[in-house]
Amino acid sequence: MSEVSTETKPTTGFDSDTFAMNLANAMQNGGRALAAYLKAREHDQTPDNSPTEFAELIKTVSTVCEYWLSDQTRAVELQAKLGASYLELWGYAARRLAGEEVRPAIEPEPRDKRFADPEWRSNLLFDFLMQAYLLTTKWTNELVHDAHGLDPHTRKKAEFYITQLANAVAPSNFVMTNPEVLRETFASNADNLARGMKMLAEDIEAGRGVLRIRQTDSAGLAVGVNLATTPGKVIYQNELMQLIQYSPSTESVLRTPLLIVPPWINKFYILDLRPEKSYIKWCVDQGITVFVISWVNPDGRLGEKTFEDYMKEGPLAAMDAIEKATGETKVHTAGYCVGGTLLAATLAWLANKRRSRVRSATFFAAQVDFTHAGDLLIFADEDQISALERDMKRSGVLEGSKMAMTFNMLRSNDLIWSYVVSNYLKGKAPPAFDLLHWNSDATRMPAANHSFYLRNCYLENRLSTGSMVLDNTLLDLSKVKLPVYALATRDDHIAPAESVLYGSRFFGGSVRFVLSGSGHIAGVINPPARGKYQYWTNDKLRNKTLAQWLKGAEEHKGSWWPDWLAWLRNIDGKEIAAREVGAGALPPIEDAPGSYVRVRS
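The sequence shown begins at 0 in numbering that gives the first Met the number 0 and counts up by one.
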């Protein structure tokens, strides 16, 4: 990927020749982008799922339209409501044109960054476009909200698709209707468009026919160089994972080691970004012997690997390896997101087998019950899962880019359209950002494992109801009697706090539920030294909604990490001399962060 300058070339004013040349360059690169898109489909390198997804959108939106159009009175009321809004806007525009100070028909939300430029209000044309868009968006949202008789799943899907369409057609996304972009275009003689289209072509080529929106400048970021740099060694590996043991930084450590099970949907180094943000380094510095699973980035050869395989070759294999390396038969465990779901299933399997291998379990934004699973439930119905299974069958895996785009769509204005405007319309390459570099470093998923997860968790909710079977074993979370620390994050759209709180009640032992400020990533990765956000605690859990729990909760400023450490030390505070990596029965294979994490999709 070539470098794209973020500097606008100095100009002495509008130059028609330069403007025309830059427009020609922009068109040329636009053609290059189209050619990259078509080439991949011509050679069947990229399966195009757009028809299936478009059909799902049409089916869902048609259900809403059918309600309104099936009754003539409702249809007339529908048109009248939108017409009245537009008439109000016309009246506003006419009075403002006459020089009156008039209150707008509608205003954007204060946090809506799309319309932050002053010219959206000072210029009558752009003000009119913005308000017309906002009124139309408000009307379409009300179409879904006021449509009676929709089942909850269809309503949720309709809300999602309407939001995606509305976000896509915002006037801020187009050159001629975005005042900031238009000013930049004339000020730079369209140099911004030439640079932007060049980036667009490069990003489609990098995605092999799929637009891989660059969210960060990755040139100065590299795993093992300035990301995932906590010292350690890979001491064990199999087809699915490498097990990393980190070198101690204290003279003594807790006797019981910590095993971290990250999600296989993303790479483990979200927990080991830059040193000042690394949860792993912080744990090591607190005197904990830390082991982490680094999942493989699978290809089609591993397509038949199941959820059961991930349990056996993941947490269970890691526990055996840790025992060989340290002599300890028990570990503290921590699972993040879907890694927490796998950990919970593993704990239930161990409980059924009456194997005592775990001293405590910590769950970071992880769900074991999917009743309140949030926006991702939109994609969890029989038709969509079956279509996805047919897609995965072709290659044996789900491409990481598809899952990454799904997550981005949950916050499309922030994670898609803001970059479309900045990168391709303004021609500004994004700065280096470790978190977004990790976010773009997506992994593939084996078809068998992903299908089991979607069906048994999102579609059928089998883990919490006691009907999930792994290794011919019926799993029952109530048999998990060990201490549990369940962390939820307040603004989480992937593992909603309500879902994590509700799921924590299915464990059979004591549970400390903690709610952190911010979202699925920032709420978890919140080092104490930064002094950011807050967390809430309340020991009363049973039969409470999140709102009820919060009423009796105590707020604490800063990070939840010290609270978790105090909880962990209270379970087993015994210390021993620090363990050197490789001193046990498992010699080092290679330096951390290992080779599995370096494989990019």
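The hints are simulated quantities; they were obtained by calculation from the structure and are not laboratory data.
Just so you know, these numbers come straight off a predicted model, no measurement behind them.
Warning: the hint list may mix true and false statements.
Claimed, not checked - With a Cα cut of at most 20 Å, we get these calculated DMTMM-like pairs of lysine to aspartate or glutamate:
#1 K80 / E141
#2 K232 / E554
#3 K531 / E554
#4 K573 / D284
#5 K573 / E322
#6 K392 / E275
#7 K401 / D590
#8 K58 / E158
#9 K232 / E307
#10 K392 / E303
#11 K80 / D116
#12 K478 / D490
As the list claims (entries may be wrong) - Distance ranges between label pairs, derived from CB positions:
#13 F53 / E574: 58 to 64 Å
#14 G326 / H555: 23 to 29 Å
#15 A83 / H152: 38 to 44 Å
#16 D571 / G223: 30 to 36 Å
#17 N542 / E100: 50 to 56 Å
#18 K539 / D145: 34 to 40 Å
#19 S248 / S477: 27 to 33 Å
#20 G223 / G551: 41 to 47 Å
#21 A218 / R95: 45 to 51 Å
Even for Gly, the Cβ is constructed at its ideal location relative to N, Cα and C.
Exercise for the section: Tell me, in ascending order, the numbers of any earlier hints that this structure violates. Expected result: 2, 6, 7, 9, 11, 12, 14, 15, 19
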